[in-house]
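Number of protein chains: 2
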Amino acid sequence: MLKAYIDVTLKKSILDPQGTAVKEGLSKLGFEVETVRIGKHIEVTLNDMNRENAEKLIDEMCLKLLINPEIEVYSYRIEEE
Amino acid sequence: MLKAYIDVTLKKSILDPQGTAVKEGLSKLGFEVETVRIGKHIEVTLNDMNRENAEKLIDEMCLKLLINPEIEVYSYRIEEE
Numbered sequence: 071m072l073k074a075y076i077d078v079t080l081k082k083s084i085l086d087p088q089g090t091a092v093k094e095g096l097s098k099l100g101f102e103v104e105t106v107r108i109g110k111h112i113e114v115t116l117n118d119m120n121r122e123n124a125e126k127l128i129d130e131m132c133l134k135l136l137i138n139p140e141i142e143v144y145s146y147r148i149e150e151e
Numbered sequence: 071m072l073k074a075y076i077d078v079t080l081k082k083s084i085l086d087p088q089g090t091a092v093k094e095g096l097s098k099l100g101f102e103v104e105t106v107r108i109g110k111h112i113e114v115t116l117n118d119m120n121r122e123n124a125e126k127l128i129d130e131m132c133l134k135l136l137i138n139p140e141i142e143v144y145s146y147r148i149e150e151e
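Keeping their order, the protein sequence lines are chains A and B. Just so you know, we're using the working numbering here: the first sequence kicks off at 71 and counts up by one. Just so you know, we're using the working numbering here: the second sequence kicks off at 71 and counts up by one.
Only chain A is shown next, with the shape it has when bound in the complex:
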């Protein structure tokens, strides 16, 4: 069975207030970092299919439901479970 690990992140041009808040939180705890950006991590276990079909399916699912293509981009890897 194949499992897709999808990362959804805001485009670089889009402000990320949640990331800024986390950066400030880290700073208050003494952790100084350059930048923090927050996105979504989605794990999808697929019904039985080959890798080529899985890639097509994941692309379709991302563009139709999982991401907002105006402000987000996605990347993924597919692994055998």
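Hint data in this document are derived by calculation from the structure and do not stem from the laboratory. Computed from a prediction, not measured in an experiment: that's the story for all the values here. Positions of the beta carbon are idealized from the N, C-alpha and C atoms, including for glycine. Be careful, since some hints might not be right.
[Unchecked claim] Quick look at which bits of chain B chain A covers, simulated, 3 or more residues with Cβ under 8 Å:
(1) 74–81
(2) 94–101
(3) 112–118
(4) 121–133
(5) 137–143
We have chain A already, so just place chain B on it with the hints.
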């Protein structure tokens, strides 16, 4: 400069209502999948340091702020920017 890509996911024993909702949403669009689990994806750009220190720092940051160790687990990779 090093950048950490951190994935935070709910432990397997913890219910994920958001994932269930997304699975149902996918199903309504005609995408049948086995399971969907939703987590956070966090990208942290670090000040100048070596990889060993970076790993220590990321572990500390995760346990002190970024995750809730009662219900979440994390994994990460560190890459040269």
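So is the stretch 112–118 of chain B in contact with chain A by the C-beta rule, three or more residues under 8 Å, or is the coverage claim wrong? holds (count 6)
Verdict on chain A covering the stretch 137–143 of chain B, criterion of 3 CB contacts below 8 Å: Violated: only 0 residues of the stretch 137–143 of chain B have a Cβ under 8 Å from chain A.
8 Å C-beta test of the stretch 74–81 of chain B against chain A, three or more residues: As far as the stretch 74–81 of chain B goes, the hint holds, because 4 residues have Cβ atoms under 8 Å from chain A.
Taking 8 Å as the Cβ threshold, is the statement that the stretch 121–133 of chain B is covered by chain A upheld or broken by the three-residue rule? With 3 residues close enough to chain A, the hint holds.
If you count the residues of the stretch 94–101 of chain B with a beta-carbon closer than 8 Å to a beta-carbon of chain A, do you get 3 or more? holds (count 4)
Taken one by one, the earlier hints fail for this structure only at number 5.
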